[in-house]
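*Asks:* Here is how the chains run, residue by residue.
Protein chains: 2
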Amino acid sequence: MKVVTEIGEYRKLRKGMPSPVGFVPTMGYLHQGHLALVQQARAENKTVVVSIFVNPTQFGPKDDLAAYPRDPERDLALLEKEGTDIVFMPSAEEMYPEGFSSWVEVDKVTDRLEGAFRPGHFRGVATIVAKLFNSVQPHRAYFGQKDAQQLIVIKKMVSDLNMDLEVVAVPTVRDPDGLAMSSRNTYLDPEERKAALVLWNALSLAQELWSKGERNAERLRQEMSALIQKEPRAKIDYVSVADPDSLEELSQIEGTALVSMAVRIGKTRLIDNITLG
Amino acid sequence: MKVVTEIGEYRKLRKGMPSPVGFVPTMGYLHQGHLALVQQARAENKTVVVSIFVNPTQFGPKDDLAAYPRDPERDLALLEKEGTDIVFMPSAEEMYPEGFSSWVEVDKVTDRLEGAFRPGHFRGVATIVAKLFNSVQPHRAYFGQKDAQQLIVIKKMVSDLNMDLEVVAVPTVRDPDGLAMSSRNTYLDPEERKAALVLWNALSLAQELWSKGERNAERLRQEMSALIQKEPRAKIDYVSVADPDSLEELSQIEGTALVSMAVRIGKTRLIDNITLG
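Top to bottom, those sequences are chains A and Z.
Counted the way our numbering counts, the first sequence spans residues 1 to 277.
Counted the way our numbering counts, the second sequence spans residues 1 to 277.
FYI, nobody ran anything at the bench for these hints, they're computed from the structure.
Errors might be hidden in some of the hints.
Remember, identical chains collapse to one label, so a pair may be satisfied in a single copy or spanning two.
What the hints assert, rightly or not - Here are the simulated DSS-like pairs of lysine-lysine, each with C-alpha atoms no more than 25 Å apart in a straight line:
id: 1; residue 1: Lys46; residue 2: Lys81
id: 2; residue 1: Lys230; residue 2: Lys46
id: 3; residue 1: Lys155; residue 2: Lys230
id: 4; residue 1: Lys15; residue 2: Lys46
id: 5; residue 1: Lys230; residue 2: Lys194
id: 6; residue 1: Lys146; residue 2: Lys2
id: 7; residue 1: Lys12; residue 2: Lys155
id: 8; residue 1: Lys267; residue 2: Lys12
id: 9; residue 1: Lys62; residue 2: Lys46
id: 10; residue 1: Lys108; residue 2: Lys12
id: 11; residue 1: Lys15; residue 2: Lys235
id: 12; residue 1: Lys267; residue 2: Lys15
id: 13; residue 1: Lys2; residue 2: Lys108
id: 14; residue 1: Lys46; residue 2: Lys12
Quick caveat: nothing in here was measured; it's all calculated off a predicted structure.
From just these sequences and the hints, can you work out the full model?
*Replies:* This is the structure:
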């Protein structure tokens, strides 16, 4: 496994890489969710590239950029074990040199949900992902279904801008009790960790109601919200039952629906989702 | 020479193309200025790809999109003669399918000059050029120095977004009397054609004053403006003496300066520039 910090150095290596190249972009502090992406990339490609970069432009002024957890040594050990070929670990200066001023913006699907609560977030995500794609030049890129809206934004960007690669969605990995894996789970104290289960419980409730034939989206939102509100440590940012392409809120579920939520547990903001249908 | 209208079809051909691939993006209605780009691409690459696409997103609501001159048959004959390998001629629907919503925006250098007079123009330019680069996948791309700000915007985009190609600037081709070649020259009636020479005369005056030691940028702007204003058919949008990287207006010329202007001759808006130093 080779660790590369500069794009120029990477480009030289890129020429000799066996194809196809699978790529997993991460912000580090890896958990089983990330490793599932790496494992799938390993299974499907001749070369596996993982990036570790805590991207400042996707954090808002009130977000947790400075506090975002980091443990590069542990990350590298985990990636080595998974058979990663190249780890791309650029500095902030390498990715955003003085005078940087070009951005990729995806309109419309970024107006809602996470986009509405985190202005500028998806501009930062789309821009860094475009930069990483252009640098790494993968055939396939792997993203977790847990960040459902991010996945939609990136697929839209790739399609609209004619980027020549395949975006692969990988199912969310959960703790045994259902909590979706997230680097931010590390912020939770033991009481909050228990309270955080309310996200999965609400999603499970939606799944159950849907299985019993409930197709009224507002009813699902209400039932999930009521369940979450019973947990005193939880504060809802949004609870959504939306069209999985446009992210428009549904009134009636006809085909598939993306059920998603953002809930703050103490100071930690968690997101999760499932797809119905 | 092969004419390709779909990206999927192009991608298949791309795999078999001898490297390096040189690319000339155009809006068609080709003149000697375009052909100089093609000639340089031909001299420097194994494969030459030219695109013809009148990009709707770079025209404003009051711009001349519908009236923009087109003559694809003549264009193809000219490109064949120059030894072009592939002409990529997509439809508007191919490049902007229903629901298109991703954009590349370059900030700051787009605030001034053309950007100030044509809001959204450079967003359209950067977006289509990014799409064409991602589709065509060239090693080198050729742009005319005549669109000086466009060249700066594209170089900035390529650098900021880590696009893996070289942007090559090609000197402006002029009619024998000095008028810069432009597809829009075709709009000029005989009297306007004469009046249009005022752009080159003003640039020549700046060059002459600079050669004699004038380094006061405001003096150059004044002298050029005074000359242009003597021509009753000419209306100035801007006359600029600016830093060639930031496009900030200079007060004193210390290193190099980009002298540029936009002047309306009747209903036709013309731009031109030279670099001093």
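*Asks:* Confirm or reject each hint.
*Replies:* Against the structure, the hints come out as follows:
For the identical chains of this complex, Lys46 and Lys81 are intra-copy neighbours only, at 16 Å inside a copy versus 43 Å across copies, given an alpha-carbon limit of 25 Å. Neither within a single protomer nor between protomers do Lys230 and Lys46 lie at most 25 Å apart by alpha-carbon distance, with minima of 49 Å and 68 Å respectively. Proximity of Lys155 and Lys230 under a CA criterion of 25 Å is satisfied in neither setting, with 36 Å inside one chain copy and 55 Å between copies. Within a single copy, Lys15 and Lys46 get their C-alpha atoms as close as 14 Å, and across copies as close as 19 Å, so both meet the 25 Å cut-off.
Proximity of Lys230 to Lys194 under the C-alpha cut-off of 25 Å is restricted to the intra-copy arrangement: shortest distance 13 Å within a copy versus 80 Å between copies. In the homo-oligomer, the alpha carbons of Lys146 and Lys2 never lie at most 25 Å apart, since the shortest distance is 28 Å inside one protomer and 45 Å across protomers. Proximity of Lys12 to Lys155 under the C-alpha cut-off of 25 Å is restricted to the inter-copy arrangement: shortest distance 22 Å between copies versus 28 Å within a copy. Taking the closest pair of Cα atoms, Lys267 and Lys12 never come within 25 Å of each other, the shortest separation being 43 Å inside a single copy and 51 Å across copies.
Neither within a single protomer nor between protomers do Lys62 and Lys46 lie at most 25 Å apart by alpha-carbon distance, with minima of 41 Å and 52 Å respectively. Taking the shortest Cα distances, Lys108 and Lys12 never come within 25 Å of each other, neither inside one copy (38 Å) nor across copies (32 Å). Taking the shortest alpha-carbon separations for Lys15 and Lys235, neither the intra-copy value of 49 Å nor the inter-copy value of 53 Å comes in at or below 25 Å. Neither within a single protomer nor between protomers do Lys267 and Lys15 lie at most 25 Å apart by alpha-carbon distance, with minima of 45 Å and 51 Å respectively.
In the homo-oligomer, the alpha carbons of Lys2 and Lys108 never lie at most 25 Å apart, since the shortest distance is 39 Å inside one protomer and 37 Å across protomers. With identical chains, the CA atoms of Lys46 and Lys12 are at most 25 Å apart both within one copy (17 Å) and between copies (22 Å).
Of the hints listed earlier, those the structure fails to meet are numbers 2, 3, 6, 8, 9, 10, 11, 12 and 13, in rising order.
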